[in-house]
Amino acid sequence: MATTTATLTISSTDLLSDELALSTTATLTSAGNSTGLTGTNGLARKTVAGGHAQYTLFAAASHTDDKAHKVYLKNMSTTAAEFFLISIHDVEVGRIYAGDWALIPWSADTTGDDADFKIDPSANDMTLEYMLFTDE
Amino acid sequence: MATTTAAVTLTSDLLSDNMSVSASTTCMKAGTTADGIDQIEYGYVEVATGDEYDLIATTPTAAKASKLFVKNHSIDETYYIAITQNSQAIGRLYAGDWMFIPADFHDAAADIAITSNGGTNKVEYALFHEGTALTTT
Chain Z
30 MATTTATLTI SSTDLLSDEL ALSTTATLTS AGNSTGLTGT NGLARKTVAG GHAQYTLFAA
90 ASHTDDKAHK VYLKNMSTTA AEFFLISIHD VEVGRIYAGD WALIPWSADT TGDDADFKID
150 PSANDMTLEY MLFTDE
Chain A
-7 MATTTAAVTL TSDLLSDNMS VSASTTCMKA GTTADGIDQI EYGYVEVATG DEYDLIATTP
53 TAAKASKLFV KNHSIDETYY IAITQNSQAI GRLYAGDWMF IPADFHDAAA DIAITSNGGT
113 NKVEYALFHE GTALTTT
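Chains as they are written, first to last, in my numbering: chain Z, 30 to 165; chain A, -7 to 129.
Next comes chain Z alone, as it looks inside the complex (with noise of 0.2 Å):
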């Protein structure tokens, strides 16, 4: 069984009178059970030339649905306020700017509308760098 870990840790010294210090492991597993994830895409980047607009990313009726599928999102930008918009069939999840990553949970869900993963660059010539693990 293949074995995958997600290591956070967030930390400041001087966000709150008391040292922020949260740091947390995950092995991802497959849903409901121990087993661990057992698909990847792998770590890729892509360049977005066209700049502002939607791309679908990954598409829910390409995996199965209601699962414990991970994206892992990285703006390689330098550029202050460049962002990707990352939207969840039509709803805003939220903006990555420059430097910033994420980890987000995906059902890649099917009932009704679906829940395409999508990015949105603000600018031309953004590069996106992504991995997406899946639970099929």
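Because the hints were derived from the structure by calculation, they are not lab data. Hints may contain errors.
[What the hints assert, rightly or not] What the simulated footprint calls covered on chain Z by chain A, stretch by stretch (three residues with Cβ under 8 Å from a Cβ of chain A suffice, anywhere in the stretch; the number is not a length):
#, segment
1, 30 to 41
2, 50 to 60
3, 72 to 83
4, 108 to 122
5, 129 to 135
[Stated by the list, open to error] One side only, chain A facing chain Z, incomplete, derived with CB under 8 Å:
#, residue
6, 17
7, 67
8, 70
9, 86
10, 96
11, 102
12, 105
13, 125
Beta carbons are placed, not taken as given, at the ideal position from N, Cα and C, and that holds for glycine.
With the hints as your guide, set chain A onto chain Z.
Just chain A now, with coordinates in the frame of chain Z:
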């Protein structure tokens, strides 16, 4: 300005080439490198099965660089919380899973909501944001 750093390391032997991906970011306000995110809402709740609950009770300023951390502390592997936004299924956090996502809060309906499944889930969360609209009494 406050300085908050968020780092992730992903390791896996799924591929023939053992993977180890690391990334770190300083959580800045939207569109700047000069001013860090300086507000936080941090909590821990137990969520019974059944109803859907807004995880964040106040509405952060929309279209900013807010970030949301959520961890499911349940230990029963069949338990999970379903994450939805504006009734759209986003994903599921099973026991032990965590997420660190951007949070746009682009309108009043865009709250992050959770539904507990399997049993009572124990949920830790932290919202790093640029301001919230408090409800007047």
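Hints and how they fare:
Only when three residues or more bring their CB closer than 8 Å to a CB of chain A does the claim for the segment 30 to 41 of chain Z stand; here the count is 11, and the claim holds. Only when three residues or more bring their CB closer than 8 Å to a CB of chain A does the claim for the segment 50 to 60 of chain Z stand; here the count is 7, and the claim holds. For the segment 72 to 83 of chain Z, the stated coverage by chain A is not satisfied: 1 residues place a CB nearer than 8 Å to a CB of that chain, which falls below the threshold of 3. Counting residues of the segment 108 to 122 of chain Z whose C-beta lies closer than 8 Å to any C-beta of chain A gives 11; at least three are required, and the coverage claim holds.
Counting residues of the segment 129 to 135 of chain Z whose C-beta sits closer than 8 Å to any C-beta of chain A gives 7, which meets the bar of three, so the coverage hint holds. Residue-level restraint check for residue 17 of chain A holds (minimum Cβ-Cβ distance to chain Z is 5 Å; threshold 8 Å). Given the 8 Å rule on beta carbons, the hint for residue 67 of chain A is violated: about 11 Å separates it from the nearest Cβ of chain Z. Evaluation of the residue 70 of chain A hint against chain Z yields a held restraint, the C-beta minimum of about 5 Å falling below 8 Å.
A hinted interface residue such as residue 86 of chain A counts as satisfied when its beta carbon comes closer than 8 Å to some beta carbon of chain Z; here the least separation is about 6 Å, so the hint holds. Among the interface hints, the one on residue 96 of chain A holds; its C-beta lies about 4 Å from the nearest C-beta in chain Z, closer than the 8 Å criterion. Nearest Cβ of chain Z to the Cβ of residue 102 of chain A: about 7 Å, under the 8 Å cut. The hint holds. For the restraint placing residue 105 of chain A at the interface with chain Z, the shortest Cβ-Cβ distance is roughly 12 Å, beyond the 8 Å limit, so the hint is violated.
Nearest Cβ of chain Z to the Cβ of residue 125 of chain A: about 18 Å, over the 8 Å cut. The hint is violated.
Comparing the model with each earlier hint shows violations of hints 3, 7, 12, 13; every other hint is respected.
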